[in-house]
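Protein chains: 2
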Amino acid sequence: MSETTIVASGVREELERIGAQARGAANRMRSLSTSVKNAALLRAAAGFRDSKETLRSANAKDLAAGQEKGLSSALLDRLELTDKRVEEMAKGLEAVAALPDPVGNVESQYVHPNGMRIAQLRQPIGVIGIIYESRPNVTADAASLCLKSGNTCILRGGSEAIHSNLAIAGILIENAMAAGIPEYAVQIIKTTDRAAVGELLKLDKYVDVIVPRGGKGLIARIYEESRIPVVAHLDGNCHTYVDKHADLAMAQRVCLNAKLQRPATCNAMETLLVHGDVAEAFLPVMVTALQLANCEVRGCDRTCRIIACTPATDEDWFTEYLDRILAVKVVDSPEEAIAHINHYGSHHSDAIITESYTTAERFLEEVDSAAVFVNASTRFTDGYEFGLGAEIGISTSKLHCRGPMALRELTTLKYVIRGAGQVRE
Amino acid sequence: MSETTIVASGVREELERIGAQARGAANRMRSLSTSVKNAALLRAAAGFRDSKETLRSANAKDLAAGQEKGLSSALLDRLELTDKRVEEMAKGLEAVAALPDPVGNVESQYVHPNGMRIAQLRQPIGVIGIIYESRPNVTADAASLCLKSGNTCILRGGSEAIHSNLAIAGILIENAMAAGIPEYAVQIIKTTDRAAVGELLKLDKYVDVIVPRGGKGLIARIYEESRIPVVAHLDGNCHTYVDKHADLAMAQRVCLNAKLQRPATCNAMETLLVHGDVAEAFLPVMVTALQLANCEVRGCDRTCRIIACTPATDEDWFTEYLDRILAVKVVDSPEEAIAHINHYGSHHSDAIITESYTTAERFLEEVDSAAVFVNASTRFTDGYEFGLGAEIGISTSKLHCRGPMALRELTTLKYVIRGAGQVRE
Chain Y
1 MSETTIVASG VREELERIGA QARGAANRMR SLSTSVKNAA LLRAAAGFRD SKETLRSANA
61 KDLAAGQEKG LSSALLDRLE LTDKRVEEMA KGLEAVAALP DPVGNVESQY VHPNGMRIAQ
121 LRQPIGVIGI IYESRPNVTA DAASLCLKSG NTCILRGGSE AIHSNLAIAG ILIENAMAAG
181 IPEYAVQIIK TTDRAAVGEL LKLDKYVDVI VPRGGKGLIA RIYEESRIPV VAHLDGNCHT
241 YVDKHADLAM AQRVCLNAKL QRPATCNAME TLLVHGDVAE AFLPVMVTAL QLANCEVRGC
301 DRTCRIIACT PATDEDWFTE YLDRILAVKV VDSPEEAIAH INHYGSHHSD AIITESYTTA
361 ERFLEEVDSA AVFVNASTRF TDGYEFGLGA EIGISTSKLH CRGPMALREL TTLKYVIRGA
421 GQVRE
Chain B
1 MSETTIVASG VREELERIGA QARGAANRMR SLSTSVKNAA LLRAAAGFRD SKETLRSANA
61 KDLAAGQEKG LSSALLDRLE LTDKRVEEMA KGLEAVAALP DPVGNVESQY VHPNGMRIAQ
121 LRQPIGVIGI IYESRPNVTA DAASLCLKSG NTCILRGGSE AIHSNLAIAG ILIENAMAAG
181 IPEYAVQIIK TTDRAAVGEL LKLDKYVDVI VPRGGKGLIA RIYEESRIPV VAHLDGNCHT
241 YVDKHADLAM AQRVCLNAKL QRPATCNAME TLLVHGDVAE AFLPVMVTAL QLANCEVRGC
301 DRTCRIIACT PATDEDWFTE YLDRILAVKV VDSPEEAIAH INHYGSHHSD AIITESYTTA
361 ERFLEEVDSA AVFVNASTRF TDGYEFGLGA EIGISTSKLH CRGPMALREL TTLKYVIRGA
421 GQVRE
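Here the protein sequences line up with chains Y and B, keeping their order. One point on numbering: in this note's numbering, the residue at position 113 of the first sequence is 113, and numbering is uninterrupted. One point on numbering: in this note's numbering, the residue at position 350 of the second sequence is 350, and numbering is uninterrupted.
Any given hint could turn out to be false.
Okay, derived cross-link-like pairs now, DSSO-like style, lysine-lysine, Cα gap no bigger than 30 angstroms in a straight line [unchecked claim]:
id	chain 1	residue 1	chain 2	residue 2
1	B	Lys84	Y	Lys202
2	B	Lys216	Y	Lys202
3	B	Lys216	Y	Lys216
4	Y	Lys205	B	Lys52
Examples of chain B residues lying across from chain Y (beta carbon under 7 angstroms, computed) [what the hints assert, rightly or not]:
id	residue
5	Gly389
6	Ala390
7	Thr412
8	Leu413
Some chain Y residues well away from chain B (every beta-carbon gap over 12 angstroms; in silico) [as the list claims (entries may be wrong)]:
id	residue
9	Arg12
10	Arg43
11	Ala46
12	Ile125
13	Arg262
14	Asn267
15	Arg302
16	Ile306
17	Ile307
18	Thr319
19	Asp332
It is worth saying that the hints were derived from the structure and are not from the lab. Just so it is clear, CB atoms sit at the ideal spot from N, CA and C, and this is done for glycine as well.
Based on the provided sequences and hints, a complete structural model is requested.
Okay, structure coming up:
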């Protein structure tokens, strides 16, 4: 037996143990009161503020290792836990404590003709597996949302942040337990062995859902390997369609925001569709503004006849650049825009700019995406902006939840039936 | 290349074509009005009534083939399409037409501080794949629920009912299209080649969810093979716990109903748990009644000391008999009963019989099942009994939906944001 096999089998046993512990704790978490959960979050927030030195020294190890490995300065920056970021993490926990607890909410009620009262109540899902990449604050964010929604979680962060993640989880767990949260309600995988992810994805006996946060490569691997249902967003190929009835000044303002306010986010615009009737009036001004902001433009044939730009290929219409690049296509009708979005898009966030009531309504109805906008920037797709408080991710799946996944989306429903001896005829 | 490979590749192309057609039709189905959908259902119901002869002759081919293959009389009975069953199928479509249409319902609304109106609307999921076994009426039931909820469906029935299924689907499609439903909104797989199921389960590009209806073998194979999310119930290992504070006459009535009213259903009781304080008063009378109804009892050690019965093994606590067999265990507390149910059960439907308010509430809270009952028979877990109208299945999954899957559960949510030029700061 090779050494790798031995290691993997040790990892398997460790993950099996973590899974069983999480399931056991889930049974106790289900009936925990909101006060206990909130007290735990507030205590953990205070714990972070009191442990800045511990966190800094754990983080220093990761930063040193990262420098040695030659991580880019962007990645090193994402990895760094400054005092300001620790304070933000503490404030994040306090914000989650302030959110309403969805557990126990009655979603529907029905009285059976035989007198039984039948209600649907919100319940924790149970055990959530979270697999994420470098930013260490995700450890606290994800754990706090699971805790508040009465779920137990198994956290698996990126190896480059392992010391920071373990320190954050340690402080959170210690303070949460002191406030009455059961042991194993929050667990973090301590090994950086890559086999641990594979083993976690096999624990369908214990884990109810996997929520990955990270790049497309990670998400695709998880969808491929997981025996457990996955809720994740795979792609954010978002569009804005500037209709012939658009207010062109508004269109320019909204498009610049959608493309450039944070180009690396999943809700940034990747393709601009413009109606042929306004293309000549709109594109030259728009593209000048984009180019001034160092944004590359790749256009269809008609676009290239109006402005100077790189010709786009079919591949461009499918691409999520996550960068200062924009694909531009001229279309002849709202129908063509809608068909393009439904075919090439990733069903994440898409917008129309128009003053036409009928065209706006049609776009809202026919575009098959998690979020569809009229006269607003796609950048708004976000749990906080949508009034849900913090979010654990954005789902482009159509099952379970679509769009921002927040506290309510971390719950499931349970039928509760109160009878007086009724039997079925 | 072997002949099987050639057949399979023909099947693959056929399924690919069916998938692409379903996705195309889904874009048109999304905005279909309720009136058109209802008219289609009513017209199809009339179509069934007018086609009794066609249906009988198609069904006769299946029955003849079934007899030749030596199907059991129970299976042949399930396969038979009597005039009464055709009438029930027609009435089923009319009942679905009478149900409220969930599409377009506003589930939540929020006004952003910047003035954007953010709503969550119910939308069809898109393309539903339904894989089912012998009963041909499922063809009409499943297609009608998909149609009413604005979804397109791909039906794959059992080979033993192929002629009946094709005839039913043909009548439904012809009448639905005459009423304005787009082509390919309802499709049925015409080949009985087993490879077709495998190919359908790979069409994650086109199919949003697989809903299987059938035995455990089928469901397990689908969970194993599918690249598409599956919503299904795998097991119905249901419990009734008779507490020490139970009204024992009520307990006997409810238990007999839960076990015997239809033993082969997923919501029938499989294990009876009895509190030690009432076991001697309750079990002898209860077991006599069960044995009078030809129900075998398998008991734990303590049960076997009270009544004459087969000793149960650990395997029995995990087993869904779907038959006139009941496992019986004596427990010492509600906690022990709850722990047993959460460990051995399948999280489908579980009941407590008690007059104790505190014990009842605790049971409702701590038992982690799709439906939890106080003083009523587990047999009530059913879309119709729960006030949802018809159901396409019962989900024991915790994601997307839990319990009966009806029209609402065949939809997803879409965020619709109406702005006036807002951009993100």
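Going through the hints against the structure:
1. B:Lys84 with Y:Lys202: violated (48 angstroms)
2. B:Lys216 with Y:Lys202: holds (21 angstroms)
3. B:Lys216 with Y:Lys216: violated (35 angstroms)
4. Y:Lys205 with B:Lys52: Roughly 48 angstroms between the alpha carbons, so the hint for Y:Lys205 and B:Lys52 is violated.
5. Gly389: violated (12 angstroms)
6. Ala390: Status violated, d = 15 angstroms.
7. Thr412: holds (4 angstroms)
8. Leu413: holds (5 angstroms)
9. Arg12: holds (20 angstroms)
10. Arg43: Consistent with the label, Y:Arg43 stays out of reach of chain B, its closest Cβ about 25 angstroms off (over 12 angstroms).
11. Ala46: holds (29 angstroms)
12. Ile125: Since the minimum Cβ distance to chain B is about 5 angstroms, Y:Ile125 lies within 12 angstroms and the statement is violated.
13. Arg262: Y:Arg262 not clear of chain B: closest Cβ-Cβ about 8 angstroms, inside 12 angstroms.
14. Asn267: violated (9 angstroms)
15. Arg302: holds (25 angstroms)
16. Ile306: holds (24 angstroms)
17. Ile307: At roughly 23 angstroms from the nearest Cβ of chain B, Y:Ile307 sits farther out than 12 angstroms, so the non-interface label holds.
18. Thr319: Label holds. Min Cβ-Cβ 18 angstroms, cutoff 12 angstroms.
19. Asp332: Holds: least Cβ distance 18 angstroms, greater than 12 angstroms.
When each numbered hint is compared with the structure, violations occur for hints 1, 3, 4, 5, 6, 12, 13, 14.
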